[in-house]
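Visitor: So the protein lines, in turn, are chains A, B and C.
Quick note on my numbering: the first sequence kicks off at 1 and runs consecutively.
Quick note on my numbering: the second sequence kicks off at 1 and runs consecutively.
Quick note on my numbering: the third sequence kicks off at 1 and runs consecutively.
Any given hint could turn out to be false.
Okay, the calculated bits of chain B under chain C, using three or more residues with CB under 8 Å as the criterion [to be verified]:
(1) 146-158
(2) 162-174
Computed beta-carbon distance windows for the label pairs [as the list claims (entries may be wrong)]:
(3) B:G237 to A:D160: 50 to 56 Å
(4) C:E206 to B:L11: 34 to 40 Å
(5) C:V278 to B:G237: 54 to 60 Å
(6) C:E206 to B:R148: 26 to 32 Å
(7) A:I90 to B:V116: 36 to 42 Å
(8) B:V43 to A:D160: 35 to 41 Å
(9) A:N230 to B:G120: 18 to 24 Å
One-sided excerpt, in silico: chain C residues whose CB lies under 7 Å from chain B [to be verified]:
(10) F43
(11) L79
(12) E93
(13) V97
(14) V103
(15) W113
(16) T123
(17) M126
Hints listed in this document are in silico derivations from the structure and should not be mistaken for laboratory results.
Yeah, the Cβ is synthetic: ideal placement off N, Cα and C, and Gly gets one too.
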Amino acid sequence: MAEASSAHTAASPARRSAHQLDGLVRIAVVIVLIGLVELLCRSGLIQPTTMIAPSAMARHAWEILREGKFDKDIAISLANIGAATVLAVILGFICGLLLHALPGLRSAIEPLLASYYAVPTFIFYPVFIVLFGVGSAPIIAIAVLLAIVTMITATLNGLDRIPRALHKTARVLRLTPWQSAVLVKLPAALPYLFTGVKLVVAYAFIGVIASEFILSGSGIGYAIGYAYNNFENNDMYALMFLVLASVTLVNLLLNALDRRLQARLRR
Amino acid sequence: MKPMREMQTPLLYALLAAGLAVSWQGLYWINGGSALASPGQAVLTLGSMMQTSEFWLHALETGKALLYALLIGLVGGLAAGLLLGVNRMARDVSEPILLNMYAIPKVTLYPLVLLVFGLGLSAKVAFGVMHGIIPIMVFTMNAIRQMRPVLLRAGQSMRLTRRQSLLHIVLPAILPEITAGLRLAFSLTLLGVLIGEMFASQRGLGFLLTNAMNLGDIRTIMAVALLLSVFALACNGGLMWLGRRLSPR
Amino acid sequence: MKSEHTVLAAEALLQDSPATTPRVPHAVLQGVTRKFGKAGSVFHALGPIDLTLYQGEFFSVVGPSGCGKSTLLDTLSGLASPSDGTVQFENREVKGVPDGVGVVFQEDASFPWLNVRDNISFTLRMRGMEGAEIKRRVDYALAFMGLKDFATAYPAQLSGGMRQRVCIARTLVQQPRLILLDEPFGALDQQTRLLMGDELLRLWRETGATVLLITHALDEAAMLSDRVGVMSSRPGLFIDIVETGWPRDRDSRVVSTPRFGEVNARLWERLRVESLKVMGASHG
Chain A
1 MAEASSAHTA ASPARRSAHQ LDGLVRIAVV IVLIGLVELL CRSGLIQPTT MIAPSAMARH
61 AWEILREGKF DKDIAISLAN IGAATVLAVI LGFICGLLLH ALPGLRSAIE PLLASYYAVP
121 TFIFYPVFIV LFGVGSAPII AIAVLLAIVT MITATLNGLD RIPRALHKTA RVLRLTPWQS
181 AVLVKLPAAL PYLFTGVKLV VAYAFIGVIA SEFILSGSGI GYAIGYAYNN FENNDMYALM
241 FLVLASVTLV NLLLNALDRR LQARLRR
Chain B
1 MKPMREMQTP LLYALLAAGL AVSWQGLYWI NGGSALASPG QAVLTLGSMM QTSEFWLHAL
61 ETGKALLYAL LIGLVGGLAA GLLLGVNRMA RDVSEPILLN MYAIPKVTLY PLVLLVFGLG
121 LSAKVAFGVM HGIIPIMVFT MNAIRQMRPV LLRAGQSMRL TRRQSLLHIV LPAILPEITA
181 GLRLAFSLTL LGVLIGEMFA SQRGLGFLLT NAMNLGDIRT IMAVALLLSV FALACNGGLM
241 WLGRRLSPR
Chain C
1 MKSEHTVLAA EALLQDSPAT TPRVPHAVLQ GVTRKFGKAG SVFHALGPID LTLYQGEFFS
61 VVGPSGCGKS TLLDTLSGLA SPSDGTVQFE NREVKGVPDG VGVVFQEDAS FPWLNVRDNI
121 SFTLRMRGME GAEIKRRVDY ALAFMGLKDF ATAYPAQLSG GMRQRVCIAR TLVQQPRLIL
181 LDEPFGALDQ QTRLLMGDEL LRLWRETGAT VLLITHALDE AAMLSDRVGV MSSRPGLFID
241 IVETGWPRDR DSRVVSTPRF GEVNARLWER LRVESLKVMG ASHG
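Pulled out of the complex, with its shape left as it was, chain A reads as follows (with noise of 0.2 Å):
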């Protein structure tokens, strides 16, 4: 016990160095266990009917991109995603701060809140479809209704921790709710509610590209099934490979992002 302590107050710059080793660690993992799915398509352990391999898939995606072919439905779901974020973040901010004003009303929904996700919200898609009929509006209804929940908790977490010193100076300087929100209470909940923004982003792609899967006439997730259903496993696999791309392109920005504020938090 002893032992670690000392060693920690000691090492730090150990500590530090441990952290690069992980990182490097983790790059190789990443890069061992593709290379291995790689080989095993490259040998023909896997079959190309079933996948092929993740350097074709690349080589694929960039044709794509430069043919432009499926333009339009990258256009579409990237939009859609984009409305449903904002949507979610902002009705999701509002809310929170709703609640967190009225503490009688919060404590009368804080169970929906928490048992919320339990429920499976895709099976309202098809409500939102004979709602809206089929296009953007539904996917992004259901894409919003997913994502927001997460936004409000967040929202009600960053605010539940604002230190009350800082409530208590908001009213000594006499200023108003609005005021209030924009000039003290959002900065010192940054860092949470950006936690919360990174969550309805995730949340964004899966609904958007969930519900184009499941019923849609354009779109990314549309594009992946109509190649799935037409044998047409390049372009299939190429789209497929540009979503898992994207995605982990925007969560390592909103990771950096969030590193950054939640640094300033330590502070």
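On the provided structure of chain A, position chains B and C as indicated by the hints.
Guide: Chains B and C in isolation, oriented as in the chain A frame:
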């Protein structure tokens, strides 16, 4: 506020349910009868459905897939989480990878699963496992990280084998912490199975939904949606109760 | 720096002094060091240590914080390997935790999900011992440690002192020949500590085991032990080993003898210098 809330929890749930039913009914009135079904209609439809054997065939299909997926996901996720979790480096290296995999829209991989497993029960089970296994792994690894190290050292001083240590010290020690993960995994596994049924199956409750959607049969849609929601909430509540019982300390 | 043995005159202060027990080495550390880190940023935590623990003795280790006392225990028990030097227990080199060694940790290591009886019987069950024998040993331990009324209670329902008793009982049933304790009473109040000290002595006499106690409390060390080793500040070395000369049949009442004051004073004299070093002040 807190003691008051806990006292009234069953009452609150009842009020909440009533509130939802009222808003649902309100939406129905606003929308007119064509696009939505009222709560009453949904319940009636559900009632008559449940009297047909056809319905129960579908329900059983979903139930079977869910059960298998849960078993595999739970055991596999716990085992993988335990093995990775007890080694600091393995844990720190794999956790971001797992979290990234978790963030990937798993629907993207569905065609791959179908190509490997074909259409049918095993594909559905695979979907369910895909959705649920990572949260269990991550929660297990997290719980191990938060475990008091002295418990493991005590096991070491007793000369336990690695297997004994994992099964008799680590697992009981982390069980309360991972109940939240278990709840999440349950919901996600159910979701995975249902989505799978919604677009790639001819059987199951998910299929009923998609089928009704194609026919524009809003009453069946809402009936099944109602049933699934109630089922999911009931299971969630049960798991929450179980979680509370497991962690009185 | 080799440790110096200091033998103080004890005859006048002992009522009925038994002959000092024949000194059979039980555990031996030679040239033991522990270092952390890689080349370039090595953290020298302990050593080099030369220490011989004799069979059946009660040996305490005191020293300033961070000097490596816990590291010493880890190395001696086999929980960790030394960077240099050898550790021997009963004439065999220690690789991993040897049979016959029991450890009581500083923190409460009772398993929260088991009741007291199941906690105590845990090791025996893991070893596949026969049920009747387990029951016999556990009943004995429960009675010995005064836990009979709490056999079905859970650790969460017990006080800190009781929980440590459970941990000690859990070690006791293994019938260890060497018992290592790492500041087991650190978190307890003074009165409880004194009483637990008496219990520890009872345990020691009853089991006939060799005991190594790590403590930051000089009076506790002086009161309980046959010998007290004083460690320097990091990297920990033994700068003194004080023989108390207490009879085997002792209890906390030795604190009222003048001898106790002498031992205490000597320990503090050595320790004060080292503690000042840790605090960064210059000594003099």
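Visitor: Holds or violated: is the Cβ of C:V97 closer than 7 Å to a Cβ in chain B?
Guide: Because about 5 Å separates C:V97 from the closest Cβ in chain B, which is inside the 7 Å limit, the hint holds.
Visitor: Can we keep the C:F43 interface hint, with Cβ of chain B closer than 7 Å?
Guide: violated, 18 Å
Visitor: Answer holds if the nearest beta-carbon of chain B is closer than 7 Å to that of C:W113; otherwise answer violated.
Guide: holds, 5 Å
Visitor: Regarding C:E206 and B:L11, is the given constraint of 34 to 40 Å on their beta-carbon distance met?
Guide: violated, 59 Å
Visitor: Tell me if C:M126 is really an interface residue toward chain B, meaning its C-beta lies closer than 7 Å to one of theirs.
Guide: Since chain B brings a Cβ to about 5 Å from C:M126, closer than 7 Å, the hint holds.
Visitor: Quick check: does the Cβ-Cβ distance between C:V278 and B:G237 fall within 54 to 60 Å?
Guide: Since the Cβ atoms of C:V278 and B:G237 sit about 55 Å apart, the hinted range of 54 to 60 Å holds.
Visitor: Using Cβ atoms only, decide whether C:T123 comes closer than 7 Å to chain B, and label the hint accordingly.
Guide: Given a least distance of 4 Å, the restraint on C:T123 holds.
Visitor: Taking a Cβ-to-Cβ distance below 8 Å as contact, does the stretch 162-174 of chain B have at least three residues touching chain C?
Guide: holds (count 5)
Visitor: In terms of beta carbon proximity below 8 Å, does the stretch 146-158 of chain B have 3 or more residues touching chain C?
Guide: holds (count 8)
Visitor: Does the Cβ-Cβ separation between C:E206 and B:R148 fall within 26 to 32 Å?
Guide: Given about 30 Å between the Cβ atoms, the range holds.
Visitor: Does C:E93 meet its interface restraint, that is, does its C-beta lie within less than 7 Å of any C-beta in chain B?
Guide: Result: violated, 16 Å to nearest chain B Cβ.
Visitor: For the hint 36 to 42 Å, verify it against the beta carbon of A:I90 and that of B:V116.
Guide: holds, 40 Å
Checked against the numbered hints above, the structure violates hints 3, 4, 10 and 12; every other hint is satisfied.
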